[in-house]
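Each protein sequence line maps, in turn, to chains H and L. Under my numbering, think of the first position of the first sequence as 120, with each following residue one higher. Under my numbering, think of the first position of the second sequence as 362, with each following residue one higher.
Read the hints as simulated data drawn from the structure, not as lab findings. Take every hint as true, because none was put in to throw you off.
Computed from the model, here is a short list of chain L residues facing chain H with C-beta under 7 angstroms:
1) 378
2) 380
3) 381
4) 388
5) 391
6) 393
7) 400
8) 403
9) 404
10) 407
11) 411
12) 413
13) 580
If you anchor each label on the Cβ, the simulated ranges turn out as follows:
14) 281(H) - 719(L): 41 to 47 angstroms
15) 741(L) - 382(H): 40 to 46 angstroms
16) 640(L) - 355(H): 33 to 39 angstroms
Here a beta-carbon is modelled for each residue, glycine too, at the ideal position from N, C-alpha and C.
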Amino acid sequence: MATRFEGTDSYIATEDLRVAVNAAVALERPLLVKGEPGTGKTILAHEIAKALQKDLITWHIKSTTKAQQGLYEYDAVTRLRDGQLGDPKVADIANYIIRGKLWEAFTADTAPVLLIDEIDKADIEFPNDLLLELDRMEFYVYETRETVRAKQRPVVVITSNNEKELPDAFLRRCFFHYIRFPDRETMARIVEVHYPGLQKALLRDALTVFYEVRDVPGLKKKPSTSELLDWIKLLLVEDVSAETLRQRDPAKLIPPLYGALLKNEQDVQLFERLAFLHRRESRS
Amino acid sequence: MLEGFLLELRDAKLPVSLKEFLTLMEAMKRDVASYRVDDFYYLARATLVKDEKHLDKFDRVFGHYFKGIENLADAPVPIPEEWLKRLGEKLLTEEEKRQIEAMGGWEKLMETLKERLAEQKERHQGGSKWIGTEGTSPYGAYGYNPEGVRIGQEESRHRRAAKVWDKREFRNLDDRVELGTRNIKLALRRLRQFAREGAAMELDLDDTIRSTAKNAGWLDLKLLPERHNAVKVLLLLDIGGSMDGHIRTCAELFSAASSEFKHLESYYFHNCPYEALWPDAQRRRTEQVATAEILRTYDQSYRLIFVGDASMSPYELNEPGASVEHFNAEAGEVWLKRLVGAYPKAVWLNPVPERYWDGTMSIGMIKRIMDDRMFPLTLEGLDRAMRKLTR
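Okay, chain L solo, but in the shape it has when bound (with noise of 0.2 angstroms):
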């Protein structure tokens, strides 16, 4: 029976191995988790989940598969109004159908249920649900049948149904960006700079031996700090407006760059940076940080890499007041030569071709400023931008 799930998780890309599908068996077979379903669950859950990231996903497959009813898939279900509609009069009375008369009529009712709908898609977590795992029917206030009326399924369900598996909570741990980009992995890779510091650890060979050499043929050990990674990285993308087209290739670079760096911190901003930048790009309206405050932050250790079209027009980079989102005080120039000044080793990636650089004014204007070194985003770009960021 439970090959199915097995099946299923790895349908939704879930990386469960066979080993760890019979750990779940083995498990069972001496009954680590009793006959409860909740037990059941978080044995399931520890045994085939490894990652936090995963662990929505699994709760969406697991949440399919045992119930088979709901469907947990991220579009909102849409509910037919003609099918409310005539399911509502068929179990009404002629009196309950006046009273909704009085009250303003079919349209008004469904206007009222939408609302009821859009309120509660906002009050729980994420929306996708059905509606009625909420455990009240948003019908009942006015007086249909709540048999007939429910929307999703059956009220005994309710309280169930709004188990452990259903609240995902780990809904935002859900990281969705593709890691299918070794080509961009591999250029990053040359980022990691070998810094020689921390701890005393390797044997100097060649120190040693001239060493004891010297002591007359007594030992006298030398050690050598060991290498290790210790690369930081401030990123800074660039989103919306002419970057459209390359908000994908943006995006692999960011996915790949992740997992590489000790340190890697990325805001957003949009054409040039102003006084204030982006920490979520869906959320910029909300969340923003003052850029002094990033320069504050992060200390010039730092490697700070640009990723942008950099198409713009003049006025955007050298007029205050020009921004196309806001008004900005200072000059987007004048940003950006902050940021440039604070972070000696700094590189901006350049997703257009490198053949239409010159066509475009303002590409020509940031390449100045940053002392050009702003490379195109191709794999031999990138290699030869982190080779300036390494120097």
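Chain H extracted, bound-state conformation (with noise of 0.2 angstroms):
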């Protein structure tokens, strides 16, 4: 079994990034990532996953989310209505506790890969609710009065949108990678991974125009890599050939099938009021 996460043949992971995953694994702490949206974190768990032959688990955090709901629940109301019924199985309380996602990473045979996705979508105390739990890789079920406790430790990664500021002694705790925006080279080895034989002048085109329109001042939503990867689908599927992507006629200043790269409409207006301002200039 692979032991160090190097990449794979589908997604390219910067040396930075390897290097704090490897810390990550080699420590069991839990490593948290943050970046732009669309650059690939949720996929990243996915990746070492896969790269380190480990099953994955995982835990999608909603606002709704609490941290005892990756431990484990209590469903009082079924037990409740199960007495009423006179129904034997309410003798056991072990019968209502339902296992989360933490503790089916813990009870694994093989450490599994744990995905804590956007961690920050949840209350502002829920990291700290995790503290000991990711900690030690244990925790107590008062219910039950057992130890739970994690037989390999699970590699934890976690994600965050930045949406809040997580607490210092849950930070304290974790590796910390920051994915950056790839630039241009880093991009076009990513678009070759997932297309691959793609020709070089469409693909230097293609980055052309999109590193073009992210560059564009008051976008609201910049298109980002999974947003390219669709978008040069699309010119593939509809045989969009890298002349027409190059003609830099001003009344095509809006790319062809942009509706992949601008997700708002603001936006598709914003380049529209570009482009007329652009042929009006020209035209004068």
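Using the supplied hints, reconstruct the complex from the two chains, each of which is provided in its own coordinate frame.
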């Protein structure tokens, strides 16, 4: 089994990312990943699992998620109902303990990769509530008076979109990596991984258009890696040639099939206005 | 050897704890990083820095501590002209000196050099580094001995020195605004509106008991939507001109506010908002957003907060074309009324002490437009303003 993460054939990991992942794996501490949306934070956990040949357990966090749900939940309501109905199951409280994702990860036979996705979505106290559990990798179930301990410490990957500040005590226990928006070179490699054998000319022109769009001031939502990949797929399906992309005809300032890149009508409007201004300039 | 690094990081106000430092030691012991300095840098960064806004600071300290020579201070280091001149003269042959004369002499050369440096500063991010780290000596073109006049350090360093930490790619994530504004933060917390919306989550005990009793003891659960913070704020700040004395107070308020709300959008204006606002105070000449677009973009669930001294010539408010900065087609009053009309919940925070308000005509005018919702920028005033906004 591989013990070091070197990126996979479908994921380009920069050098700093590799070091951060390997440090987290070797020291068995959580890895906190931040970065612009669409730079592959969630995918990273999938790829780590794939590269290290481990199972992946995903815990998606929502604004209503509680830390306790990751450990276990005691379903008192069902038990009360069963009690009213006289079900014999009711005598054993263990029947009403529902295991959470952390429990699942702790008791797996081989240490899995546990992804805690978008931790900043949850309540501000959420990370604090998980401090001890993630640090010691054990927790206590009050209802059954047992302690659940991790057989092997799972690889924990936590992603955050920076919607909330995370508490210092929590941060101290993690390794941290900020995924920067890929530069042209890295981006070309990423595209190559997803669409091997893509025409060099098309790739170059598509990237030029893409980075130009990103540079337009005032865009509400800058297109990201995932949007670029979608767009290239569309270009391939529609058979748009590199020549079409290269046409710097002001009337066609809006890139072909822009729907994949611009997801917001205000941004499309902005582009249309720019195109309009451009045309007026070139006419006068 | 690394203890000094830790201390230096802490001196640079990076929140690095002993625990993280020990983690780094442990990682080194376990050979997580190979013996390449790059790997060590990445490892140290992943271990010690936990927020992207500190990455730039970390890069600077790392560069300083492990190079010793490059002090990546923010101020560009001035190069004494005399020094260059002497150095040049010492190393030049008579023939080269004649060449210089032919090119217009020292003065001309220094001019060119200055231009070069300025150019380089613009092209290179930030421009606060030693000139030499670009890898090419700006002097090479003139035939000077490159050994003598290189600025900064030796050639062998150039390639190495422009290393990852030297690139300082995280520079614009560094936010310098101090966060020591607990007081204001406390008051702003009032704005957290505990709106009852979202998924049904909490058990409504009273209702459950009532309903279960009605059900002849058969359990009937009733749930209640849970509270969560859903406040959205549109902050408009006055900069420049008469506001200069109050900018500090404003910046404090702003930094305190940023972590408190679900959405916080801030724009700047000068004296009075007109047809365009600035998303960034520094780049107000180049980047503008039409006020109409702001009205379109943010719906009326946003709370509008102005921060400004409202002190200006009355004409700036009620006459078209009277703005101090540009020609405004419509009077400031018109735009102010539009904004207040678009956001039913709006307040104006004024750093001018309340007792002086009567002395300035424009304050009274704006206060009227705001329907008296103008409050002084004090804890007590904030408290009143926030109460007004949540109501």
